[in-house]
Amino acid sequence: AQKVTQAQTEISVVEKEDVTLDCVYETRDTTYYLFWYKQPPSGELVFLIRRNSFDEQNEISGRYSWNFQKSTSSFNFTITASQVVDSAVYFCALSAGIQYNFNKFYFGSGTKLNVKP
Amino acid sequence: DAEITQSPRHKITETGRQVTLACHQTWNHNNMFWYRQDLGHGLRLIHYSYGVQDTNKGEVSDGYSVSRSNTEDLPLTLESAASSQTSVYFCASSESRLAGGNTQYFGPGTRLTVL
Chain A
1 AQKVTQAQTE ISVVEKEDVT LDCVYETRDT TYYLFWYKQP PSGELVFLIR
51 RNSFDEQNEI SGRYSWNFQK STSSFNFTIT ASQVVDSAVY FCALSAGIQY
101 NFNKFYFGSG TKLNVKP
Chain B
1 DAEITQSPRH KITETGRQVT LACHQTWNHN NMFWYRQDLG HGLRLIHYSY
51 GVQDTNKGEV SDGYSVSRSN TEDLPLTLES AASSQTSVYF CASSESRLAG
101 GNTQYFGPGT RLTVL
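Quick mapping for you: the protein sequence lines, in order, are chains A and B.
The first sequence maps to residues 1 to 117 in this note's numbering.
The second sequence maps to residues 1 to 115 in this note's numbering.
Honestly, I wouldn't trust all of these hints.
[As the list claims (entries may be wrong)] Beta-carbon label-pair distances, calculated as ranges:
no.: 1; chain 1: A; residue 1: T80; chain 2: B; residue 2: A2; range: 30 to 36 Å
no.: 2; chain 1: A; residue 1: E59; chain 2: B; residue 2: Q53; range: 37 to 43 Å
no.: 3; chain 1: B; residue 1: T13; chain 2: A; residue 2: S61; range: 40 to 46 Å
no.: 4; chain 1: A; residue 1: E17; chain 2: B; residue 2: E3; range: 31 to 37 Å
no.: 5; chain 1: A; residue 1: N67; chain 2: B; residue 2: T5; range: 31 to 37 Å
no.: 6; chain 1: B; residue 1: L39; chain 2: A; residue 2: T20; range: 21 to 27 Å
[Claimed, not checked] Pulled from the structure, derived: some chain B residues nowhere near chain A, Cβ distances all over 12 Å:
no.: 7; residue: E14
no.: 8; residue: E72
no.: 9; residue: S80
These aren't lab readings, by the way, just hints derived from the structure by calculation.
From the three backbone atoms N, C-alpha and C, an ideal C-beta is built for every residue, glycine too.
Put together the whole structure using the sequences plus the hints.
What follows is the structure in structure tokens.
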């Protein structure tokens, strides 16, 4: 079975603090893909990153960084020097299952990040 | 620019009525998906399609149906709306260029209230 757990329901930080959003996934497939999406208060879902199971390199994009560790089945997302505009709900998603051509997504329940000025 | 649109953006209906939510994409993507978003549940898959005439049930398909007559559109129909179907509905699409794990791009969502 495929499953994504985002144990942090809501996090509040003060602007300029660093914050890490946790994502733990479960799958028996050796090939799978992991994603992060951002949902700002306006409601749309914005794609942030895609990572396949064979690429364990960490990735950095500006203030955003992602740490993928297969040993702990985690794909954590860190925002450095948070800003008010980072306030949003963040979703982690898993795409796995060769029978679905790896196109079915399994979403975590989301983490709401509040960044206070 | 290619995009994915949903209509209406907001809808209020009564229990028992049939409701259809539209989804239209100009990405020319083969894969299309419908999700519902409820507090505490994240996004749950209702139906999906990998191409014209192809439709598949997701994890919460009861009470919903879809049809795919062309590449661009995947309308979602609630046969007889129930209060439990009050939710925000998102449509998404992805290409099938890669062997899998194709990024899904989402529409703006439709907020449906069933009274």
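Legend entry - Earlier hints that do not hold, by number: Violated: none.
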